[in-house]
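**Student:** Taken in order, these protein sequences are the chains called W and H.
Counting from 1, position 186 in the first sequence corresponds to residue 461 in my numbering; the numbering is continuous, with no gaps.
Counting from 1, position 272 in the second sequence corresponds to residue 971 in my numbering; the numbering is continuous, with no gaps.
Possibly wrong hints are sitting among the right ones.
[Said to hold, decoys possible] Far from chain W, some chain H residues (derived; all Cβ distances over 10 Å):
(1) 740
(2) 856
(3) 919
(4) 976
[Claimed, not checked] Covered stretches of chain H (chain W as the covering partner; in silico rule of three or more C-beta atoms under 8 Å from a C-beta of chain W):
(5) 710 to 720
(6) 781 to 788
[What the hints assert, rightly or not] A few chain H residues facing chain W, derived, Cβ under 7 Å:
(7) 702
(8) 706
(9) 724
(10) 799
(11) 802
(12) 806
(13) 811
(14) 812
(15) 817
(16) 820
(17) 821
(18) 841
(19) 874
(20) 902
(21) 908
(22) 931
Don't read these hints as lab results, they were simulated from the structure.
Keep in mind that this is a model prediction, so the values were computed, not measured.
A virtual CB, placed ideally from N, CA and C, is assigned to each residue, including glycine.
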Amino acid sequence: MEWVIEAVIRVLGFSAIGFVAMIFVFLLLEGVPAFVRVPLNNLFDTSWYPSLGLYGVWPLIIGSLLVTLVAMIIAFPLGIGTAVFVREIAPNWAREILKPLIEVLAGIPSVVLGFFGMVTVAPIIRESLGAPTGLTAFTGSLLLAYMSLPTIISVAEDALDAVPRSYRDAGLAMGATQWQTIWRVVVPAARSGILMALMLGMGRAIGETMAVLMVTGNAARIPTGLSDLFMPIRTMTATIAAEMGEVARGSTHYHVLFGVGLILFIVTFAITLSAASVMFRRRSRGGLR
Amino acid sequence: MSQQLAQKLGFAFLGLMSLVVIVPILLVVGAIIYAGFPALSWEFLSAMPREGMRAGGIFPAIVGTLLLTLGTGLVAIPVGVGAAVYLSEYARDNLFTRAIRLAIVNLASIPSVVYGLFGLGLFVLLLQFGTSILAGSLTLAIMTLPVIISTSEEALRAVPMEYRTVSESLGGTHWQGIRRIVLPQALPGIITGVILGLLRAAGETAPILFTVAAFFLPRLPQSAFDQTMALPYHLYVISTQVPGMPLSIQHGTALVLLAFVLSMNLVATLIRSYFRRRREW
Chain W
276 MEWVIEAVIR
286 VLGFSAIGFV
296 AMIFVFLLLE
306 GVPAFVRVPL
316 NNLFDTSWYP
326 SLGLYGVWPL
336 IIGSLLVTLV
346 AMIIAFPLGI
356 GTAVFVREIA
366 PNWAREILKP
376 LIEVLAGIPS
386 VVLGFFGMVT
396 VAPIIRESLG
406 APTGLTAFTG
416 SLLLAYMSLP
426 TIISVAEDAL
436 DAVPRSYRDA
446 GLAMGATQWQ
456 TIWRVVVPAA
466 RSGILMALML
476 GMGRAIGETM
486 AVLMVTGNAA
496 RIPTGLSDLF
506 MPIRTMTATI
516 AAEMGEVARG
526 STHYHVLFGV
536 GLILFIVTFA
546 ITLSAASVMF
556 RRRSRGGLR
Chain H
700 MSQQLAQKLG
710 FAFLGLMSLV
720 VIVPILLVVG
730 AIIYAGFPAL
740 SWEFLSAMPR
750 EGMRAGGIFP
760 AIVGTLLLTL
770 GTGLVAIPVG
780 VGAAVYLSEY
790 ARDNLFTRAI
800 RLAIVNLASI
810 PSVVYGLFGL
820 GLFVLLLQFG
830 TSILAGSLTL
840 AIMTLPVIIS
850 TSEEALRAVP
860 MEYRTVSESL
870 GGTHWQGIRR
880 IVLPQALPGI
890 ITGVILGLLR
900 AAGETAPILF
910 TVAAFFLPRL
920 PQSAFDQTMA
930 LPYHLYVIST
940 QVPGMPLSIQ
950 HGTALVLLAF
960 VLSMNLVATL
970 IRSYFRRRRE
980 W
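Let's have the full structure, built from the sequences with the hints guiding it.
**Tutor:** Written as structure tokens, this is what we have:
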């Protein structure tokens, strides 16, 4: 009897691999026909007008990259600064306040943040810029930055946590101040974990859907300059979410949306893989992160 | 002295950064409670929506979210905890186990809307479940797995090795040791992880967009093959798709969803800290 249970547990153990493989195969099956049906020069063109048969995915890819990049420019320094503060400097009472609040942030559903962004953040941005609309790439980036902060902070904190105490003691014993020890000893020793924090935060941001769909205005156009940061934009995730409900199964549009999903899958897979390789290399180097 | 001053300024700057992180969190939660609270009433929570959702309550959306969460748990808990038991108690540290771990990390990083595509393609269309609670629960369950697996594994691994060796030295089999000793000891940690995972599922919108969600369905679902409304999707719909929607209803819906998610979060935290103080190791 026991061997039945153990066999089931083994199968369940492998299930994660099965699910990832299934998702990938499914995206391939439904997404690849897009690359067959739509000529490549159409697919990688700059116009996304599915109703006219124009499936240029460039604006969507650039849109996703732009909001993610700006989100990381905001979130990375904030996240690392907060992680250092929480782990190295903050008195106990401050830590007791900060950590649960960051968990609360991680728990807020993205649609709620998107809603808040629409009704509160967007009007502020519209008025402060005198822009025609507050639904811009920047609004999306701002929300994405806060949504990726919990990931960045917790991974960076773990990395700082793994730096042995003796490193800090040695720094202080050499006559360095605590401030100098943090930035010249502890943070450099934790750099691979901090890099991982950035990558995982980026993965979180690029895959985020609802908040981006609700606050970026969803105009599929290619940004040409910095001022376009304050114009509407459209991401890959938002496009799938907004359009999939209305397309017929098996239509070209249907397959192209799966193709966009396939691109997203590959991008996040690559990010995860490089983060994981940092993790595995660190382990084989022996202990110290 | 100037080094001391630099340190003081530096610390103050990092403290300021932390404030920049947490103040908006307080603002978001505070604003939603402040604006949503007046909209709450017994009718809002217990009545069907009326007049194209512009009046009445959000009862079917609340029930839908509860059903989806339940369905997700029914699938994700056995699979997730089983996988965690395998990783913690059976797996050797080899290439294969590494592949499993990589798959779990990868599963966690797949964008939620891609889960939606997958659920649509496999459960709704290929397996012909239709847009249904069943299709949505299965989709959400796969998405929730990585959270449940990694938190459960952590809880299992925290149980000291001696518990297992003592069990085996008394003649217990490997499985008996897991079933009677390790799992009960790890249970609080597993429950915490399960709640955190299910919360994530309850608040997700993108995976249910094309797999379950009904735009407007003023009745309760009749079976697992029925569509349903759900709180996150409802909030999305009424705040973007319905013109002339009273703001108070939007705020009220946001508050109900937020309160549901945060109170479960609190329960998970309380369970964790309560048992952490009481455990024997």
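**Student:** Give me the numbers of the hints this structure contradicts, sorted from smallest to largest.
**Tutor:** none
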